[in-house]
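In the order they appear, the protein sequences are chains R and D.
Numbers 1 to 188, taken from the working numbering, label the letters of the first sequence in order.
Numbers 1 to 188, taken from the working numbering, label the letters of the second sequence in order.
Please note that the accuracy of each hint is not assured.
Claimed, not checked - Among chain R residues calculated to face chain D with C-beta under 8 Å, some are:
(1) Val115
(2) Lys116
(3) Arg125
(4) Asp153
(5) Ala155
As the list claims (entries may be wrong) - Below, a list of computed lysine-lysine pairs in the DSSO-like style, where the Cα atoms sit at most 27 Å apart:
(6) Lys43/D - Lys26/D
(7) Lys26/R - Lys116/D
(8) Lys128/R - Lys116/R
(9) Lys128/R - Lys43/R
(10) Lys126/D - Lys116/R
(11) Lys116/R - Lys128/D
(12) Lys26/R - Lys26/D
(13) Lys116/D - Lys126/D
(14) Lys43/R - Lys26/R
(15) Lys128/D - Lys116/D
(16) Lys43/D - Lys116/D
(17) Lys126/R - Lys43/R
Just so you know, the hints here were simulated from the structure itself, not pulled from any lab data.
The C-beta atom is built at its ideal place from N, Cα and C for all residues, glycine as well.
Protein chains: 2
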Amino acid sequence: MAERERDPARTRRTVLDAAARLVASKGAGVSIDAIAREAGVSKGGVLHHFQSRDGLILAVAEDLLEQFHQAVQAAVEPTDRAEGRLLRGYVRASFNEVFEEASPAEQVALVAAVVKVPGVAEVMRKDKTRWQAYFADDGLDPQRVTLILRATDGAAIAGLYEGGHTHTELAQTRDLLLALTRETGPMH
Amino acid sequence: MAERERDPARTRRTVLDAAARLVASKGAGVSIDAIAREAGVSKGGVLHHFQSRDGLILAVAEDLLEQFHQAVQAAVEPTDRAEGRLLRGYVRASFNEVFEEASPAEQVALVAAVVKVPGVAEVMRKDKTRWQAYFADDGLDPQRVTLILRATDGAAIAGLYEGGHTHTELAQTRDLLLALTRETGPMH
Numbered sequence: 001m002a003e004r005e006r007d008p009a010r011t012r013r014t015v016l017d018a019a020a021r022l023v024a025s026k027g028a029g030v031s032i033d034a035i036a037r038e039a040g041v042s043k044g045g046v047l048h049h050f051q052s053r054d055g056l057i058l059a060v061a062e063d064l065l066e067q068f069h070q071a072v073q074a075a076v077e078p079t080d081r082a083e084g085r086l087l088r089g090y091v092r093a094s095f096n097e098v099f100e101e102a103s104p105a106e107q108v109a110l111v112a113a114v115v116k117v118p119g120v121a122e123v124m125r126k127d128k129t130r131w132q133a134y135f136a137d138d139g140l141d142p143q144r145v146t147l148i149l150r151a152t153d154g155a156a157i158a159g160l161y162e163g164g165h166t167h168t169e170l171a172q173t174r175d176l177l178l179a180l181t182r183e184t185g186p187m188h
Numbered sequence: 001m002a003e004r005e006r007d008p009a010r011t012r013r014t015v016l017d018a019a020a021r022l023v024a025s026k027g028a029g030v031s032i033d034a035i036a037r038e039a040g041v042s043k044g045g046v047l048h049h050f051q052s053r054d055g056l057i058l059a060v061a062e063d064l065l066e067q068f069h070q071a072v073q074a075a076v077e078p079t080d081r082a083e084g085r086l087l088r089g090y091v092r093a094s095f096n097e098v099f100e101e102a103s104p105a106e107q108v109a110l111v112a113a114v115v116k117v118p119g120v121a122e123v124m125r126k127d128k129t130r131w132q133a134y135f136a137d138d139g140l141d142p143q144r145v146t147l148i149l150r151a152t153d154g155a156a157i158a159g160l161y162e163g164g165h166t167h168t169e170l171a172q173t174r175d176l177l178l179a180l181t182r183e184t185g186p187m188h
């Protein structure tokens, strides 16, 4: 433990991951003590990095949004120069997350829990504005972008509403949405 | 209280509504005692109707699905005889729910909580099959139906991911989706 706390960036990462896991499974009411135990870090170590429980939850939210930006960038094909390249990265990254998730219920519970913490909704609104600016430069009609984004979010949550989903169904929906990013005008 | 318990259908309704409210705000771990208190019904009265806590949560899930079927039927315009009439009802009913919700986080937390209870996922899968059968008779290409359903679910959850949404944004997305139910072939 002492070893781990000598590397601040690594301690921070360990605490953020532990907090996200615990909030997903137990809700936003989880204590600093429980998070410290899960991370294998002292309570003092957690508070050194994040000041308060709400400060830590806010950092978890910012970290999840940032991780998703990075996942989208990683999912954009380097050789893809056509309109809609960013949206294709977004669709691929979103479905990758769903494929990897053990439980869509826990992911949604995580978001539902953190959004109540002061500052989180504001961070989410800023992130939405950031995505809008990026998509404005992606070359597709805004109506098409909105529909594909909404359908992507809906496909990610469908497994929760429908009592599970098969890999085949998900992959079909993903490929359908990717195909729709290949046209640029409004969808009809 | 005694008065209320003389009307079994009304007691059942009161308990289901109280259970849905409590599970949404406090999670699936909520006790029969707490639900009985919230409903203003004796614990014996609750157990008379639902046998067990899990039995009650399963009944809440079945009731929510049934209420949504009724809301969709009510949102189908009686004079609408064109292809896609059921899907238009579905889109309208879904957005009505979002407009009426105090908190999308609580609605999603409710689903995430109940889906862990034995039997609920199975009930949801059967309900999905029921919708598929209905939409097969609605006259639209299945690809179009899937996209519009996914985008509708995504729009309902977007307020959670984006730190809130305005009535104007929601109404625009609803009207866009309704317009897309007016064509019958695959979307492109």
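Are there hints from earlier that the structure breaks, and if so, what are their numbers?
As far as the earlier hints go, 9, 10, 11 and 17 are violated by this structure, in ascending order.
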